[in-house]
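Protein sequence lines, in the order shown, are assigned to chains F and U. For what it's worth, the working numbering labels the leading residue of the first sequence as -3, then goes sequentially. For what it's worth, the working numbering labels the leading residue of the second sequence as -3, then goes sequentially.
If you are wondering where the hints come from, they were derived from the structure by calculation, not from laboratory data. Owing to the predicted nature of the structure, the values given are computational and were not obtained by experimental measurement. It is possible that part of the hints are untrue.
A pair holds if it fits inside one copy or across any two, identical chains being indistinguishable in the list.
As the list claims (entries may be wrong) - Okay, derived cross-link-like pairs now, DSSO-like style, lysine-lysine, Cα gap no bigger than 30 Å in a straight line:
| no. | residue 1 | residue 2 |
| --- | --- | --- |
| 1 | LYS182 | LYS307 |
| 2 | LYS22 | LYS256 |
| 3 | LYS111 | LYS14 |
| 4 | LYS256 | LYS307 |
| 5 | LYS257 | LYS191 |
| 6 | LYS188 | LYS22 |
Protein chains: 2
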Amino acid sequence: MTNTIDQLARQLLTGEDKAFTIYSHKRPDGDTIGSAYALALALQALGCRTQNLCSDAIPDVYRRLTDQVPAEAVEGAAGFSVDASTPERLGTYADAPIRYCIDHHEGNTIEAAYKYVDPGASSCAQLVYALIVRLGVEVTPLMAELLYTGLATDTNGFRTVSTNYDSLQTAAELVRCGADPAAIAKRHFGTKSRKRMDAEQAIIDSFRYTHDGQILSAVLDYETRTRIGIDPNALEGINALVDQVEGVQFGIVVREYAPKKCRISVRAAEGLRADLVCAQFGGGGHRNAAGGEAVGDAETVRALVEAACEKELG
Amino acid sequence: MTNTIDQLARQLLTGEDKAFTIYSHKRPDGDTIGSAYALALALQALGCRTQNLCSDAIPDVYRRLTDQVPAEAVEGAAGFSVDASTPERLGTYADAPIRYCIDHHEGNTIEAAYKYVDPGASSCAQLVYALIVRLGVEVTPLMAELLYTGLATDTNGFRTVSTNYDSLQTAAELVRCGADPAAIAKRHFGTKSRKRMDAEQAIIDSFRYTHDGQILSAVLDYETRTRIGIDPNALEGINALVDQVEGVQFGIVVREYAPKKCRISVRAAEGLRADLVCAQFGGGGHRNAAGGEAVGDAETVRALVEAACEKELG
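Isolated chain F (complex conformation) (with noise of 0.2 Å):
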């Protein structure tokens, strides 16, 4: 059972609540993050008092906006989450007592007195934006770079399939309001730590076409990645990079976790089925982007991923 944003509204300006604890979800994104510090300065603008906490570390990047946030912790205030879509999501604050709650995941299974979740939302930062103008609050310029990194990230810089007629309208309001697209999208988007564009480098280096180079094959074995020294946390979204180029219909990334465990991901091309090829490997997924685990060196299990590929093309 969902509220209405117009129902939630008018509960935070007429109702008891004057604290707020806001719950970013675990392995915090610019969606989450920026959402719930925008909320957070939207309510001290209505006088209540709030603090953001998130299970882990808010990166670096975030910091220059989330360190201007100014936080109280108060007994007993009332918890809001924001873009978390199960308690698990919000890690070592699973247990923590839900009052409010504000995302655009389906099927948010979070308990709330007040909740309110638009799926058809490209981002949570568009939602929260959305509740910030019904609560009458001015969205100062903190508050839209906050929202505008929350969108710009979760919509991958406007090119995921999500985005929509709100999604760039919502992006245009919050320019109007201070937020700088080009400097946003600079930090986010143009910008790669050292050891990220020594990894990137690793896995191009890596790439294997075969089968008349419909399949493209990548990989990132224990020894590079541990010589490179990156975080695994920081590899997110590298494997679009066998993604991008023209005439491959199966994408291959393996990555070695560890000695000889590995981590595979496969992204096909439409009409081909990367879940059932990463069936074969104890996984699973969407039918043009699934993954799965296997045991053997980075080069043997990349063989044998490729060999899958290979049956399924035919």
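Starting from the structure of chain F, add chain U where the hints point.
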């Protein structure tokens, strides 16, 4: 002397011209193509006859859209220049009589009886959209796809400093009219030819970090480029590969375009001068991005440019 967009619209609605030859600029990009073909459709909706001309062939990636636009050559049709800043930019059509002009480049020198130039616009497509609205013509899905393609490509997916409220607001309206943001992004930003990928791999493989990682240089030597078989024109934007690594103050790309003849590109971080480095190689440009030329093989030239950057770093 330029007109307002309302004057341009009024002239098109009430003037005597009922046939137009619409020119895109040479080496056409998404903006000149999308703008010119959408304009043609709008004028056709007003009962005019139009044809689109361009000095160079329309690249394949745009043909799926442009091939759907009808064309009719009419003797004595009025010339309409789109997104070209000078007559020279019209290439083989530099001497064609131009009666109408719409553009977003500062210092447009095209002489036309009716001319609308707004250098504040991030794309010409934005201006053509505003014009079509003023013409009272319904924006069809095909027009929306063409204009969104122009807008998205000219702002590099809403990432350039020219991206503003109007860019995003117009993009939202175009989505409402039928443009598919994810499909357009995939086509123009998420797809690389095999040859382009090979060239990027060669560039990345040649990465050399010097001066404590403050200088990053890359080369594409003549032998490698010809072995890959990529057209030099298909290397557009490849210099950006050295411009994204954290901590890099100078990014250098040396391309040996003919044996022992190199083109140099230098990017500099805020506060440093790429133009001063390139001046030593008979070139120049902007403070943060400049170019030059040098005689010698790629590795020899790389070492020279590295040394020049080191001196600049002090």
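Hint check results:
1. Within a single copy, LYS182 and LYS307 get their C-alpha atoms only as close as 42 Å, which misses the 30 Å cut-off; across copies the closest is 27 Å, which meets it.
2. When the C-alpha separation of LYS22 and LYS256 is checked against a cutoff of 30 Å, the pair qualifies only within one copy, where the shortest distance is 28 Å, while the shortest distance between copies is 54 Å.
3. In this homomeric assembly, LYS111 and LYS14 come within 30 Å of each other (Cα to Cα) only inside a single copy, at 17 Å, whereas the closest approach across copies is 58 Å.
4. Within a single copy, LYS256 and LYS307 get their C-alpha atoms as close as 24 Å, which meets the 30 Å cut-off; across copies the closest is 47 Å, which misses it.
5. Taking the closest pair of Cα atoms, LYS257 and LYS191 come within 30 Å of each other only inside a single copy of the chain (22 Å); across copies the shortest separation is 33 Å, beyond that limit.
6. Taking CA atoms no more than 30 Å apart as the test, LYS188 paired with LYS22 passes inside one copy only; the shortest distance there is 22 Å, against 34 Å between copies.
Hint violations for this structure: none, all hints satisfied.
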